[in-house]
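K.L.:
Next come the chains, spelled out residue by residue.
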Amino acid sequence: MQSTEAEPKAKAKKEAAHPSGDKRFKVLDMTMKRNQYRQDALIEVLHKAQEAFGYLEEDVLMYVARGLKLPLSRVYGVATFYHLFSLKPQGAHTCVVCLGTACYVKGANALLEGLEKDCGLKSGETTEDGQVSLVTARCIGACGIAPAVVIDGVVAGKQTREAIVNRIKEYL
Amino acid sequence: MDLTELRELAKKERAAFKSIRVHCCTSTGCQASNSLDIKKNLDTAVKDAGLEDQVQVVGVGCMGFCGRGPLVQIDPEETLYEEVTPEQAASIIDGIKGSGEATATKGDSQHPFFSRQMRIVRENSGKIDPERIEEYIAVGGYESLYKVLHDMTPEQVVQEITRSGLRGRGGGGYPTGLKWATVAKMPGDQKYVICNADEGDPGAFMDRSVLESDPHLVLEGMAIAAYAVGANHGFIYVRAEYPLAIQRLQKAIQQGKKYGVLGSQIFDSPFDFKIDIRIGAGAFVCGEETALIGSVEGKRGNPRPRPPYPAQSGLWECPTLINNVETLANITAIIGKGADWYASIGTEKSKGTKIFALTGKIRNNGLIEVPMGITLREIVEEMGGGVPDGSVKAVQTGGPSGGCIPAEMLDTPVDYDSLTKLGSMMGSGGMVVMDHTTNMVDVAKFYMEFCRDESCGKCIPCRAGTVQMDEMLNNILKGKATLADIEKLEALCQMVAQTSLCGLGMTAPNPVISTLRYFRDEYLRLIQQTSNGKVPV
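So the sequence lines, in the order shown, correspond to chains B and E.
When the first sequence is numbered by full-length UniProt numbering, its final residue is 172 and no position is left out of the sequence of numbers.
When the second sequence is numbered by full-length UniProt numbering, its final residue is 537 and no position is left out of the sequence of numbers.
These are calculated hints, taken from the structure and not from any lab test.
Any given hint could be a false lead.
[To be verified] Label pairs and their calculated CB-CB ranges:
#1 E:D276 to B:D29: 17 to 23 Å
#2 E:P413 to B:V27: 49 to 55 Å
#3 B:D152 to E:H150: 45 to 51 Å
[Claimed, not checked] The list that follows gives simulated cross-link-like pairs (lysine-lysine, DSSO-like), each with its CA atoms no further than 30 Å apart:
#4 B:K69 to E:K299
#5 E:K274 to B:K33
#6 B:K48 to B:K23
#7 E:K185 to E:K337
Since this is a predicted model, take the numbers as computed values, not measurements.
Ideal Cβ placement from N, Cα and C applies to all residues, glycine included.
Based on the provided sequences and hints, a complete structural model is requested.
P.N.:
So this is what it looks like as structure tokens:
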């Protein structure tokens, strides 16, 4: 009796997980479960997915769509609407240059141009070896210490071109 | 919990305060300059000096003077140290002990930057540990919530807010009491309260600072609002760009539940209220209320036509109250000290105080809370200390929806109506000072590019109009434009402003219109340069 009861349970569990066996999908499962598979939790789930996978590949979007019982078009629509979601792989390290007004007045544009030259990248691009992505932000709210740059999630204020290049040189 | 228990807790917490409190700023700005290491070193130094009985190191929220961070302040003497390094931490403790001199730069806590301020919303900022609800309770927190739940009817609360004259701090300046009354009047059992913390204006960080420095103030304001309008569920929609604010809010909500000031049967009353956090994903348009509602529902942040207003049909078609962070942060003080007190501050039509983020080409960068009606000159020259080299050329207020106010008009009082009259607006409170090195056409182009990128694309005037205006400004900057182009640009500005669906499009032309109004010669110079001194027609 016991074994027959356990079997379908195990099967059901297997079905829920992604066929590739990729453990990161388990993180997604947990997030969706915590949000009770509510459709309005889509943005939260996508945030988690991007955190786990680095970017939102098509497979992940389909998985989320199935999990939340939403049409893929809706999931894709949301993923492409918001700036923070990326459908392309990001570099292992990211350098975000803030282009908010205060940073702009303090020369963030020139800073970005300099960095583009030094790294051989345009903003939004990643180095060929996948190490560094150079991105821009609209305003990170650190206006008091403009111009500000975020390297791997850590905010640094009153930056110069040389200081940033020194910090990311090792990744380049 | 009842009032005696709450006051007992506050008393106990206050008794535990040491006689000397060393406040170390742990907000985003100062954390970016190693303030966490400073705090760690201060802690070690206190222990090494054996001063644990008298001295307490507290990680506090923003003290406001972000441009000179990291800041350390010693209370009660209010000795301020600026641009502290982790290495200097030990010497500050030596200074307290009397065994040495502090090597850190001493600041002036009586500087006009501080002394001209009037702190209502930021009263506790930089004074209490934002990660501990006990400290908030120690300074009288949650007493206003208790008061409304036990001594006031929802109608009385709405009346009190109406009488205070509080207006929305997110930019529009809609009377808060009127908004509350509309939601309160709506039938239906399910209503929502949303706190708009999607502070998208570049150059503004007041809401981030309030959330990071005093999250419980906002939670208490939301709970009072919910009681007044009859809601039982609230959402805080906060930008993903503010990870520290999100983290502190999450902690605050948990603590609030633990102490029974959030959740069911708050303060043993029949009032239930829970708060969920919704994290944005980087879309400026989500600051618009109908777009924000879409985003909370997990959809694309597209605005929809109003009416119906969210107050009538908002989140999941239920009546919804949407207020900005700073608006909600004012509520506790209004209930605590009374509407008459609040209404006595400010000007006839703009009551209370407003927080501004003073940034750009100015000596003293940071956050200031000032009474409405103060002049721009007082803010920029006295508090801000003026431009480091040269003089003020313009002050930009209101972000991409606002305009540039020229130096000649610095004597304008800061209130909703005066700023609108100048072609700018109060906005959420960004104030970016520009000097002679700033090219005003370039500024207009900067904002237009911003609006072009952030336009959601739903309505054509905004989607196509911003692209065209951006292109025209580009041509002017490159010297490829004629006088006729400026006329065309002006006509297009009018058209986009009048026909766009939401606030983003309606106000997108403002920076162009205001720079054309006050700095037209800069546009003309760019045109003249390329036509060899002759103005083409």
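K.L.:
State for each hint whether it applies.
P.N.:
Hint by hint, here is what the structure shows:
1. E:D276 to B:D29: 17 to 23 Å: holds, 21 Å
2. E:P413 to B:V27: 49 to 55 Å: holds, 54 Å
3. B:D152 to E:H150: 45 to 51 Å: holds, 50 Å
4. B:K69 to E:K299: holds, 14 Å
5. E:K274 to B:K33: holds, 20 Å
6. B:K48 to B:K23: Roughly 14 Å between the alpha carbons, so the hint for B:K48 and B:K23 holds.
7. E:K185 to E:K337: holds, 26 Å
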